[in-house]
Amino acid sequence: MRDCESIRESIGRWLDGELDTAESESIRAHLASCEECRKAQQQLESIDQILKTTLLAEAQQIEFLPFWRGVQVRIAQKTPWHEQALEGLRATFTLSRAAWLVPAGIAVVLAILSLDSYIPGLREGRNSFASVESIDAYGRNVALLRENESKTTVIWLYEDQEEENATADEPAKSAPAF
Amino acid sequence: MRLLMNPRNQLRLFSLALILTAGLVGAAEKNPQFVQVTIRTILAENKTDDFDPKLKGMERQLKPLKYRSYRLLKAEDQNVPSQGTRSFEIPGGRSLTVAPQEFQDNRIALKVRLTEREKPVIDTTVKIPNKGNFILGGPPHDGGVLVLSISATAQ
Chain G
1 MRDCESIRES
11 IGRWLDGELD
21 TAESESIRAH
31 LASCEECRKA
41 QQQLESIDQI
51 LKTTLLAEAQ
61 QIEFLPFWRG
71 VQVRIAQKTP
81 WHEQALEGLR
91 ATFTLSRAAW
101 LVPAGIAVVL
111 AILSLDSYIP
121 GLREGRNSFA
131 SVESIDAYGR
141 NVALLRENES
151 KTTVIWLYED
161 QEEENATADE
171 PAKSAPAF
Chain D
1001 MRLLMNPRNQ
1011 LRLFSLALIL
1021 TAGLVGAAEK
1031 NPQFVQVTIR
1041 TILAENKTDD
1051 FDPKLKGMER
1061 QLKPLKYRSY
1071 RLLKAEDQNV
1081 PSQGTRSFEI
1091 PGGRSLTVAP
1101 QEFQDNRIAL
1111 KVRLTEREKP
1121 VIDTTVKIPN
1131 KGNFILGGPP
1141 HDGGVLVLSI
1151 SATAQ
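Quick mapping for you: the protein sequence lines, in order, are chains G and D.
Read in the working numbering, the first sequence has 72 at position 72, and its numbers run on one by one without any break.
Read in the working numbering, the second sequence has 1095 at position 95, and its numbers run on one by one without any break.
Quick caveat, the hints were computed from the structure, so don't treat them as lab data.
All values derive from a computational prediction rather than experimental measurement.
Certain hints may be false.
[Claimed, not checked] Derived DMTMM-like pairs (lysine to aspartate or glutamate); straight-line CA-CA distance at most 20 Å: (1) K1111(D) - D1123(D); (2) K1074(D) - D1142(D); (3) K1131(D) - E133(G); (4) K1119(D) - E159(G); (5) K1111(D) - E25(G); (6) K1066(D) - E1045(D); (7) K1074(D) - E1059(D); (8) K1066(D) - E5(G); (9) K1066(D) - D1142(D); (10) K1131(D) - D1077(D); (11) K1056(D) - E147(G); (12) K1131(D) - E1102(D); (13) K1131(D) - E25(G); (14) K1066(D) - E147(G); (15) K1131(D) - E147(G); (16) K1056(D) - D1077(D); (17) K52(G) - E25(G); (18) K1063(D) - E1045(D); (19) K151(G) - D1105(D); (20) K39(G) - E58(G); (21) K1063(D) - D136(G); (22) K1056(D) - E1076(D); (23) K1131(D) - E1059(D); (24) K1131(D) - D1142(D); (25) K1047(D) - D1142(D); (26) K1066(D) - E149(G); (27) K1074(D) - D1105(D); (28) K52(G) - D16(G); (29) K1119(D) - D136(G); (30) K1063(D) - D1052(D); (31) K1074(D) - E1045(D); (32) K1111(D) - D136(G); (33) K1056(D) - E149(G); (34) K151(G) - E1059(D); (35) K1063(D) - E147(G).
[What the hints assert, rightly or not] Some chain G residues close to chain D (C-beta under 8 Å, calculated; not the full set): (36) A137; (37) L145; (38) W156.
Here a beta-carbon is modelled for each residue, glycine too, at the ideal position from N, C-alpha and C.
Isolated chain G (complex conformation) (with noise of 0.2 Å):
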């Protein structure tokens, strides 16, 4: 059995019927019941009962026609997509809605850092020479080369010039002519 503490509690829930059917009965028996509760659930109904009256005189005073007319043109009237579009930015930049743009932005790191592996002559002009990592030419001598304009490397092996005048029927000079 409960209070008739808890009871009054719950008779503005019971009287908006938001108790379940067995909180109801139980309510519903101990009104039957006892005097002080039921006078309490007759103040809450008068009170409600007044509340209704003059919400519904003050309602009749207002002009509901301009109101409901401004939602219908709101809602005929068709969002300029640009606005539409803004909306929908709005939406996805929010911080709660933000988590994509970290995994987002690795990706596009990495995608640049790759676009060269797929278009290529990307890097041309920043990393196209040859470049020469090691070189042995078993004591002749060689002359390297980097000709900016055609982007060449040239390894230019060559005779000593003395050893090269002794063979004087040699045409062309192998020593380096650039």
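For chain G, the structure is supplied; the task is to place chain D on it using the hints.
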């Protein structure tokens, strides 16, 4: 489209994109199975002023060498396996051995050895841009000098 409005789904989608991108980057930098090596053997001399029309694409590269005449003697290409070795015959009893070493940053490292009658003339390792070339020249031949254009393309 409504599914994409959910941040959880957006995160899933972009994580997938990230994984795929990372995969593509990895694939792009993966060592090629083969490297196509092309050797063009050119005779440079000063006897005439002839320029072999077959060398038209190389005019700018040959210009700094200051010879009057250039003639293509031989052009040969071979698919060389990565970490493999192939030899190219060069006129005058010479041989050029080429071995791709690594592929990194869209550049191919080539180990090149020129020998003349079995004796080594030069050993060099050169990193060239993919589809690029370098020139090795100077060995005397037939009244002129040999100019070798060594190019490589990752397959």
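Structure-based check of each hint:
A hinted pair counts as satisfied when its Cα atoms are at most 20 Å apart, and K1111(D) with D1123(D) qualifies at roughly 7 Å. With a CA separation close to 14 Å, the supplied pair K1074(D) and D1142(D) stays within the 20 Å bound. Under the criterion of a C-alpha separation no larger than 20 Å, the hint pairing K1131(D) with E133(G) is consistent with the structure, at around 18 Å. With a C-alpha separation of about 16 Å, the suggested pair K1119(D) and E159(G) falls inside the 20 Å cut-off, and the hint holds.
Using a Cα cut-off of 20 Å, the hinted pair K1111(D) and E25(G) is violated, with the two alpha carbons roughly 95 Å apart. For the proposed pair K1066(D) and E1045(D), the alpha carbon gap of about 9 Å is at most 20 Å, so the pair holds. Among the hinted pairs, K1074(D) with E1059(D) is consistent with the structure: their alpha-carbon atoms are about 17 Å apart, no more than 20 Å. At most 20 Å may separate the alpha-carbon atoms for a hinted pair to count; K1066(D) and E5(G) exceed this at roughly 112 Å.
A distance of roughly 18 Å separates the Cα atoms of K1066(D) and D1142(D); the hinted pair therefore holds under the 20 Å criterion. Of the pairs offered as hints, the one joining K1131(D) and D1077(D) holds, with about 13 Å between alpha carbons and a cut-off of 20 Å not exceeded. Of the pairs offered as hints, the one joining K1056(D) and E147(G) holds, with about 18 Å between alpha carbons and a cut-off of 20 Å not exceeded. Distance check on the hinted pair: K1131(D) and E1102(D) sit about 14 Å apart at the alpha-carbon level, within 20 Å; holds.
For the proposed pair K1131(D) and E25(G), the alpha carbon gap of about 89 Å is over 20 Å, so the pair is violated. For the hint pairing K1066(D) with E147(G), the CA-to-CA distance comes to about 13 Å; that is within 20 Å, so the pair holds. Between K1131(D) and E147(G) the alpha-carbon distance is near 18 Å, which keeps this suggested pair within the 20 Å criterion. In summary, the hint linking K1056(D) to D1077(D) is supported, as the alpha carbons are separated by about 18 Å, within the 20 Å threshold.
Pair hint K52(G) plus E25(G) does not hold up; C-alpha atoms about 26 Å apart against a cutoff of 20 Å. With a CA separation close to 13 Å, the supplied pair K1063(D) and E1045(D) stays within the 20 Å bound. Of the pairs offered as hints, the one joining K151(G) and D1105(D) holds, with about 18 Å between alpha carbons and a cut-off of 20 Å not exceeded. Distance check on the hinted pair: K39(G) and E58(G) sit about 29 Å apart at the alpha-carbon level, beyond 20 Å; violated.
The suggested pairing of K1063(D) with D136(G) is violated, with an alpha-carbon distance near 26 Å, which exceeds 20 Å. Note on K1056(D) and E1076(D): the hinted pairing holds, with a Cα-Cα distance of about 17 Å set against a maximum of 20 Å. For the given pair, K1131(D) sits about 17 Å from E1059(D) by alpha-carbon distance, which is consistent with the 20 Å threshold. Straight-line distance between C-alpha atoms of K1131(D) and D1142(D) comes to about 30 Å, which puts the hinted pair past the 20 Å bound.
The suggested pairing of K1047(D) with D1142(D) holds, with an alpha-carbon distance near 11 Å, which does not exceed 20 Å. Distance restraint check for K1066(D) and E149(G): the Cα-Cα separation of roughly 15 Å lies within the 20 Å cut-off, and the hinted pair is therefore satisfied. Restraint check for K1074(D) and D1105(D): the C-alpha separation of about 31 Å exceeds 20 Å, so the hint is violated. Distance hint between K52(G) and D16(G) is fulfilled; the C-alpha atoms sit about 13 Å from each other, no more than 20 Å.
Using a Cα cut-off of 20 Å, the hinted pair K1119(D) and D136(G) holds, with the two alpha carbons roughly 13 Å apart. Between K1063(D) and D1052(D) the CA atoms are separated by roughly 13 Å; this keeps the pair inside 20 Å, and the hint holds. Between K1074(D) and E1045(D), the direct Cα distance comes to roughly 16 Å. Compliance with the 20 Å bound is thereby established for this hinted pair. Simply put, K1111(D) and D136(G) have alpha-carbon atoms about 11 Å apart, close enough for the 20 Å limit, and the pair holds.
Proximity of K1056(D) to E149(G) is assessed by CA-CA distance (about 16 Å); at most 20 Å being required, the pair is judged to hold. For the proposed pair K151(G) and E1059(D), the alpha carbon gap of about 12 Å is at most 20 Å, so the pair holds. Annotation: proposed proximity of K1063(D) to E147(G) holds, straight-line Cα distance about 10 Å (limit 20 Å). Given the 8 Å rule on beta carbons, the hint for A137(G) holds: about 5 Å separates it from the nearest Cβ of chain D.
The beta carbon of L145(G) comes within 6 Å of a beta carbon in chain D, closer than 8 Å, and the hint placing it at the interface holds. The interface hint given for W156(G) is met, as the beta carbon of that residue sits about 5 Å from the closest beta carbon of chain D, less than 8 Å.
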